[in-house]
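Participant: Chain by chain, the residues:
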Amino acid sequence: MIENLDLGMVNWARGQFALTAMYHWIFVPLTLGISWIIAFYHTIYVRTGNEEWKRLTKFWMKLFGINFAIGVATGIILEFEFGTNWSNYSWMVGDIFGAPLAIEGIFAFFLEATFFAVMFFGWNRVSKGFHLFSTWMVAVGSNLSAVWILVANAWMQHPVGQAFNPDTARFEMQNFTEIIFSPYAINKFVHATSSSMLIAALFVLSISSWYLLRGRHLIMAKRSIVVAAIFGLLASVFTIFNGDESAYEIAQVQPMKLAAFEGLYDGRQNAGLVALGVINRDKKVYDTQEPFIGFNLHIPGLLSLMANRSFNSFVPGMKDLVYGNAEHNILGSAQKMDRGKKAVVSLEAYKKAKKAGDQAAADTHLATFNEYKEFLGYGYLQKPEEAVPPVALSFNAFHIMVILGMLFPLIFVGYLYFSLKGTLVEKKWLLGLGTITYLLGIIATQAGWVVAEVGRQPWAIQGLLPVSVARTNLTTGTVQATFFMFLILFTLLLIAEISIMAKQISIGPEEN
Amino acid sequence: MIEKLDYATLQHLWWLLCSVVGALFLFLTFVQGGQSLLWQVAKTPTEKDLVINSLGRKWELTFTTLVLFGGALFASFPKFYSTSFGGAYWVWILILFTFILQPVSYEYRKKQWNIYGSLVYEGFLLINGAIGILLIGAAVGTFFTGSHFQLSDQNFVTWTHPLRGLEAALSPSVSSLFNIAMGLFLVFNARTLGAMYLINNLELGEVPEMATRLRSACWQNFLCSLPFLLLILGSLLMMPGFGIIDNQGTIDIVSFKYLRNLIANPWLIVLLAAGLTLVITGVWNTAKTAKTSGIWQGGLGTVLVGLTVLLLPAYNMTAFYPSKVDLQSSLTIYNASSSPYTLKVMTYVALGIPFVLAYVAYVWWLMNRNKLKIEDTGDRAAY
Numbered sequence: 002m003i004e005n006l007d008l009g010m011v012n013w014a015r016g017q018f019a020l021t022a023m024y025h026w027i028f029v030p031l032t033l034g035i036s037w038i039i040a041f042y043h044t045i046y047v048r049t050g051n052e053e054w055k056r057l058t059k060f061w062m063k064l065f066g067i068n069f070a071i072g073v074a075t076g077i078i079l080e081f082e083f084g085t086n087w088s089n090y091s092w093m094v095g096d097i098f099g100a101p102l103a104i105e106g107i108f109a110f111f112l113e114a115t116f117f118a119v120m121f122f123g124w125n126r127v128s129k130g131f132h133l134f135s136t137w138m139v140a141v142g143s144n145l146s147a148v149w150i151l152v153a154n155a156w157m158q159h160p161v162g163q164a165f166n167p168d169t170a171r172f173e174m175q176n177f178t179e180i181i182f183s184p185y186a187i188n189k190f191v192h193a194t195s196s197s198m199l200i201a202a203l204f205v206l207s208i209s210s211w212y213l214l215r216g217r218h219l220i221m222a223k224r225s226i227v228v229a230a231i232f233g234l235l236a237s238v239f240t241i242f243n244g245d246e247s248a249y250e251i252a253q254v255q256p257m258k259l260a261a262f263e264g265l266y267d268g269r270q271n272a273g274l275v276a277l278g279v280i281n282r283d284k285k286v287y288d289t290q291e292p293f294i295g296f297n298l299h300i301p302g303l304l305s306l307m308a309n310r311s312f313n314s315f316v317p318g319m320k321d322l323v324y325g326n327a328e329h330n331i332l333g334s335a336q337k338m339d340r341g342k343k344a345v346v347s348l349e350a351y352k353k354a355k356k357a358g359d360q361a362a363a364d365t366h367l368a369t370f371n372e373y374k375e376f377l378g379y380g381y382l383q384k385p386e387e388a389v390p391p392v393a394l395s396f397n398a399f400h401i402m403v404i405l406g407m408l409f410p411l412i413f414v415g416y417l418y419f420s421l422k423g424t425l426v427e428k429k430w431l432l433g434l435g436t437i438t439y440l441l442g443i444i445a446t447q448a449g450w451v452v453a454e455v456g457r458q459p460w461a462i463q464g465l466l467p468v469s470v471a472r473t474n475l476t477t478g479t480v481q482a483t484f485f486m487f488l489i490l491f492t493l494l495l496i497a498e499i500s501i502m503a504k505q506i507s508i509g510p511e512e513n
Numbered sequence: 203m204i205e206k207l208d209y210a211t212l213q214h215l216w217w218l219l220c221s222v223v224g225a226l227f228l229f230l231t232f233v234q235g236g237q238s239l240l241w242q243v244a245k246t247p248t249e250k251d252l253v254i255n256s257l258g259r260k261w262e263l264t265f266t267t268l269v270l271f272g273g274a275l276f277a278s279f280p281k282f283y284s285t286s287f288g289g290a291y292w293v294w295i296l297i298l299f300t301f302i303l304q305p306v307s308y309e310y311r312k313k314q315w316n317i318y319g320s321l322v323y324e325g326f327l328l329i330n331g332a333i334g335i336l337l338i339g340a341a342v343g344t345f346f347t348g349s350h351f352q353l354s355d356q357n358f359v360t361w362t363h364p365l366r367g368l369e370a371a372l373s374p375s376v377s378s379l380f381n382i383a384m385g386l387f388l389v390f391n392a393r394t395l396g397a398m399y400l401i402n403n404l405e406l407g408e409v410p411e412m413a414t415r416l417r418s419a420c421w422q423n424f425l426c427s428l429p430f431l432l433l434i435l436g437s438l439l440m441m442p443g444f445g446i447i448d449n450q451g452t453i454d455i456v457s458f459k460y461l462r463n464l465i466a467n468p469w470l471i472v473l474l475a476a477g478l479t480l481v482i483t484g485v486w487n488t489a490k491t492a493k494t495s496g497i498w499q500g501g502l503g504t505v506l507v508g509l510t511v512l513l514l515p516a517y518n519m520t521a522f523y524p525s526k527v528d529l530q531s532s533l534t535i536y537n538a539s540s541s542p543y544t545l546k547v548m549t550y551v552a553l554g555i556p557f558v559l560a561y562v563a564y565v566w567w568l569m570n571r572n573k574l575k576i577e578d579t580g581d582r583a584a585y
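Chains G and H, in that order, are what the protein sequence lines are.
Note that the working numbering has the first sequence beginning at 2, numbered continuously upward.
Note that the working numbering has the second sequence beginning at 203, numbered continuously upward.
Here chain G stands alone, though its shape is the one from the complex (with noise of 0.2 Å):
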């Protein structure tokens, strides 16, 4: 099966897909957020028919156009990249993977597309009512979009409701509703559009933050870091809140994962959570190197806490995932592949049995696949350390995204504060940090998905799928061809967009 394995092709096409995937969802975040804020704005205009709540929404809304139109555009290749780099995915988990992307495209993108011409060219076609729903129908249509393609990635995370069909050698579905209403499903959503509404007020609240400072559009920005403040807020406790929750389902399912984002390589009761430190990035999972480099500071038991909801409980290393803890009753990879490799021999052997048309031997070669089955992933490791992802990356990202994600409620009550006060635009300090939090909100959620992703490696789906298997056979130089094409017009696309939303707020909304 992995025959003429190309590993750095499998590298270069890991690479597209985060180039690729990034640079969405620098954009998308905005979209789901800000949305929402336009249609609150929106529907103030609408029952007031003051004059001022039209320019705002209008306002807002062009910047969501400009947003929107590159964030479709590098949303167009990440469902055919699917395809085009992970062809042996495609087919192996097609079977329940496709489904929630083709609802996606029934349900959400044609919600979206059919309002988004009303919303913003409705203005003076549609009657004001109708219009407004326009408005409430683009925000819907955008979130639910976002629902089925976190579906998708959560059941990448948590395989549910599926089993091997060996005569057809893929995954197929069982159980359509246990992939929807999974728990790390339902997390997912929600931890995504929480943040995404804490992307959108942080937006919102570095224009209006610049225009303070300027001196610009007073009431206007007034208004709107009120409205942001609030807004972003109640999202980010909100976020805070279930990203520990997704913290205990990752614990659940993906304690590798777990393990890597806090560099944690010996497991441990009363497991602490790191609050400082710098990880060692050499240290390897079968080495004795100590994992930080110099001082670090635990937070005794949190990451019990985290993990199991539980002080004293065990939360396992690295070391005890890939070599197993007799102990702790945990198999490690390295067993599992053991395992794993009876699982893809007996599959073979099955295929040629029944192509040779021996039933019996084809019988027996089943029922040894069936006892290894759910080793199957393992099977296609080259070592059991290969089932760790990249540590340092993801502890780091992790960490990044923590920290950022506790400043941001600060930052809201701050604004609120000295809102009530009436005394923000005093606060120089303030209002400076205000103007690039949005640009720490991208790196947050950018830290975010590199968590969720490269956390996830070696696996296409946890546990199931390496990504050495999932690739499409093409040369590495293929591949490097198609990364760069991407990276040139997607980085030209970028910059063109942060040239028009500069000059759109620039020119504000007095004059739009």
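Each hint should be verified, as a subset may be incorrect.
Beyond 12 Å from chain G on every Cβ pair, some chain H residues (computed) [claimed, not checked]: (1) LYS313; (2) SER377; (3) ILE434; (4) ASN449; (5) TYR517; (6) VAL562; (7) LEU568; (8) LEU574; (9) ALA583.
Below, in silico cross-link-like pairs of lysine-lysine (DSS-like), each with a Cα-Cα straight-line distance of 27 Å or less [as the list claims (entries may be wrong)]: (10) H/LYS573 to G/LYS55; (11) G/LYS59 to H/LYS245; (12) G/LYS55 to H/LYS575; (13) H/LYS245 to H/LYS575; (14) H/LYS575 to G/LYS353; (15) H/LYS573 to H/LYS312; (16) G/LYS284 to G/LYS129; (17) G/LYS59 to H/LYS260; (18) H/LYS245 to G/LYS356; (19) G/LYS59 to H/LYS312; (20) G/LYS55 to H/LYS493; (21) G/LYS320 to G/LYS356; (22) G/LYS129 to H/LYS260; (23) G/LYS342 to G/LYS355; (24) G/LYS59 to H/LYS573; (25) H/LYS490 to G/LYS59; (26) H/LYS573 to G/LYS129; (27) H/LYS526 to H/LYS260; (28) G/LYS129 to H/LYS575; (29) G/LYS343 to G/LYS355; (30) H/LYS546 to H/LYS490; (31) H/LYS526 to G/LYS352; (32) G/LYS55 to H/LYS526; (33) H/LYS526 to G/LYS504.
Hints are computed from structural coordinates only; laboratory data are not their basis.
Here a beta-carbon is modelled for each residue, glycine too, at the ideal position from N, C-alpha and C.
Fit chain H to the given chain G structure using the hints.
Facilitator: Same frame as chain G, now just chain H:
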């Protein structure tokens, strides 16, 4: 009722649904056709703005339909998705590349500080309108002429031609001629539809000279599409095809396969004849009379012709994605589909499609009941 559908019925149903989405996409390529007409029919900045703003209110529908076509194929025929997208790599990458250019071009073309200037974005729209559609047509052509791939026991694809899909249009062969003819037909048909749509949507009294150019463009592009259409139809009646010849699913070359398919499914002949008649009626009404409703006949006609073209290579025990190098790797609706469970789930989901179509049609009517005027392009929200 859905629970009682057998596997083969579900497979036929889902190929039909995918084909309907594909056929609707072909109709909606009036957006791409209009884009490629921009420099030909719009001679002043005002005329350009009118064309862009008219098409700009519909680009998302075309784009979304293409995405849905991909998603529906992924869900219902994942082996096609994995074989074609992973195998014919370059043709799909280039198609996607042209579609990446489209949304930003509408949004950024007239915006201040757009860095590259309006002309570049208009060039992007031309690339999407011409190259994108040409390549899609060439890819559809391979449904009849076959591709260069082999599947392993695990159904993993190996493409045996170094051009990875571009050989459909670039290799010196009769197959390539057919594929290119399909691509060029779609390009000229899209341009014909684009002219029809603009005639229907614009306040022509404000731009009488452009109206004349649009009616003329409709006729010229229809005439240009005819030789390719005749070549395609003639070839389909004569060419051998890839048939399933026994109960084990063995594939072999069958002479006059597509003619046999038409005879076995006479309703396809009716669809094709009705489609062609409607397209011709739409073109005549637009180009040779003062009517503005030609897009509806032309659009419906395109859907019917598109539906015939997509059903013909799949029904009646035919391989819809044949392999030239290993016949037994060819894909049929029987060996390429999802499991019965998934197809049933998706069939329940598809019950929502009429609702989606209904609100799309209603919003279309709301937005298009008044013609687009020059003053509509002056709004700062306009493209």
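Participant: Decide, hint by hint, whether the structure agrees.
Facilitator: Here is what the structure says about each hint:
no.	hint	verdict
1	LYS313	violated (5 Å)
2	SER377	holds (22 Å)
3	ILE434	holds (26 Å)
4	ASN449	holds (16 Å)
5	TYR517	holds (21 Å)
6	VAL562	violated (5 Å)
7	LEU568	violated (5 Å)
8	LEU574	violated (9 Å)
9	ALA583	violated (5 Å)
10	H/LYS573 to G/LYS55	holds (25 Å)
11	G/LYS59 to H/LYS245	violated (31 Å)
12	G/LYS55 to H/LYS575	holds (23 Å)
13	H/LYS245 to H/LYS575	holds (17 Å)
14	H/LYS575 to G/LYS353	violated (69 Å)
15	H/LYS573 to H/LYS312	holds (22 Å)
16	G/LYS284 to G/LYS129	violated (62 Å)
17	G/LYS59 to H/LYS260	holds (20 Å)
18	H/LYS245 to G/LYS356	violated (66 Å)
19	G/LYS59 to H/LYS312	holds (17 Å)
20	G/LYS55 to H/LYS493	violated (39 Å)
21	G/LYS320 to G/LYS356	violated (42 Å)
22	G/LYS129 to H/LYS260	holds (21 Å)
23	G/LYS342 to G/LYS355	holds (20 Å)
24	G/LYS59 to H/LYS573	holds (23 Å)
25	H/LYS490 to G/LYS59	violated (42 Å)
26	H/LYS573 to G/LYS129	holds (19 Å)
27	H/LYS526 to H/LYS260	violated (38 Å)
28	G/LYS129 to H/LYS575	holds (21 Å)
29	G/LYS343 to G/LYS355	holds (18 Å)
30	H/LYS546 to H/LYS490	violated (48 Å)
31	H/LYS526 to G/LYS352	holds (25 Å)
32	G/LYS55 to H/LYS526	violated (60 Å)
33	H/LYS526 to G/LYS504	violated (54 Å)
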